[in-house]
Amino acid sequence: DAGVIQSPRHEVTEMGQEVTLRCKPISGHDYLFWYRQTMMRGLELLIYFNNNVPIDDSGMPEDRFSAKMPNASFSTLKIQPSEPRDSAVYFCASNHGTVKYNEQFFGPGTRLTVL
Amino acid sequence: AQKITQTQPGMFVQEKEAVTLDCTYDTSDPSYGLFWYKQPSSGEMIFLIYQGSYDQQNATEGRYSLNFQKARKSANLVISASQLGDSAMYFCAMRLNRDDKIIFGKGTRLHILP
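Top to bottom, those sequences are chains A and B.
In terms of the working numbering, the first sequence has 44 at position 44, counting the first letter as 1, and numbering is strictly consecutive.
In terms of the working numbering, the second sequence has 59 at position 59, counting the first letter as 1, and numbering is strictly consecutive.
By construction, these hints were calculated from the structure, which means they are not laboratory data.
Glycine is no exception: its CB is placed at the ideal position from the N, C-alpha and C atoms.
Certain hints may be false.
[Claimed, not checked] Beta-carbon label-pair distances, calculated as ranges:
id, chain 1, residue 1, chain 2, residue 2, range
1, B, Gln-14, A, Gly-97, 41 to 51 angstroms
2, B, Lys-3, A, Pro-84, 23 to 33 angstroms
3, A, Thr-113, B, Pro-30, 24 to 34 angstroms
4, A, Met-39, B, Tyr-64, 24 to 34 angstroms
5, A, Glu-44, B, Ser-41, 14 to 24 angstroms
6, A, Val-53, B, Thr-60, 30 to 40 angstroms
7, A, Thr-76, B, Gln-14, 20 to 30 angstroms
8, B, Ser-41, A, Pro-61, 22 to 32 angstroms
9, B, Gln-14, A, Ser-66, 46 to 56 angstroms
Please take these sequences and the hints and turn them into a complete structure.
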């Protein structure tokens with residue numbers, strides 16, 4: 001399997017622009033998680049889905065952030081409008097709910113820079 | 001609320017020595033799992049080892065072992081015979097078995113010296 005796929009790997013944009021991050025989970029995994037990693041705040045869970053349904057979005061910082069999962073193989077995280085403080089590495093992770101470990105498999109991350 | 005604490009922001013260790021990375025956790029739930037992940041400078045998150053709260057023995061995976069002390073609520077990662085490639089950020093994490101989310105600690109940056 002190709003693992004969790006994220007695109008783009010790097011994104012540089014200007015303040016106020018819309019940013020869309022993409023994720024393809026591992027086939028067969030029924031859970032998908034979006035994280036944000038910064039030096040100051042560490043690894044934060046933003047939102048997660050089970051069977052394409054958002055379960056907990058309490059970590060989404062504000063209304064500028066939105067996430068969708070239209071099908072089992074694709075999810076997006078959108079920031080509109082973007083701000084410099086959104087600069088971070090955004091990870092997508094997936095796992096299979098019935099696996100004992102529930103180990104999460106992480107994608108390579110998207111490094112977002114908002115100027 | 002659940003919490004993971006990693007008190008060592010950074011560590012320097014000589015190559016071939018054993019390393020212990022500290023992790024304490026806080027939960028009142030009796031059923032949970034503990035994880036360690038490695039994040040090298042390339043940025044990806046790599047799963048290392050898992051320990052269930054009801055597992056009788058400490059988990060081991062190659063050079064990695066988890067020193068699980070349930071009464072103390074600690075889950076230290078031990079790396080035997082450290083290698084230069086072990087230099088990375090290490091995260092301790094916990095998931096309650098009644099929940100889907102994994103909570104991560106702040107991490108410990110490990111530097112292996114030649």
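Hint by hint, here is what the structure shows:
no.	hint	result
1	B:Gln-14 <-> A:Gly-97: 41 to 51 angstroms	42 angstroms, holds
2	B:Lys-3 <-> A:Pro-84: 23 to 33 angstroms	29 angstroms, holds
3	A:Thr-113 <-> B:Pro-30: 24 to 34 angstroms	44 angstroms, violated
4	A:Met-39 <-> B:Tyr-64: 24 to 34 angstroms	26 angstroms, holds
5	A:Glu-44 <-> B:Ser-41: 14 to 24 angstroms	21 angstroms, holds
6	A:Val-53 <-> B:Thr-60: 30 to 40 angstroms	37 angstroms, holds
7	A:Thr-76 <-> B:Gln-14: 20 to 30 angstroms	46 angstroms, violated
8	B:Ser-41 <-> A:Pro-61: 22 to 32 angstroms	27 angstroms, holds
9	B:Gln-14 <-> A:Ser-66: 46 to 56 angstroms	48 angstroms, holds
Consistency with the previously given hints fails for numbers 3 and 7, ordered from lowest to highest.
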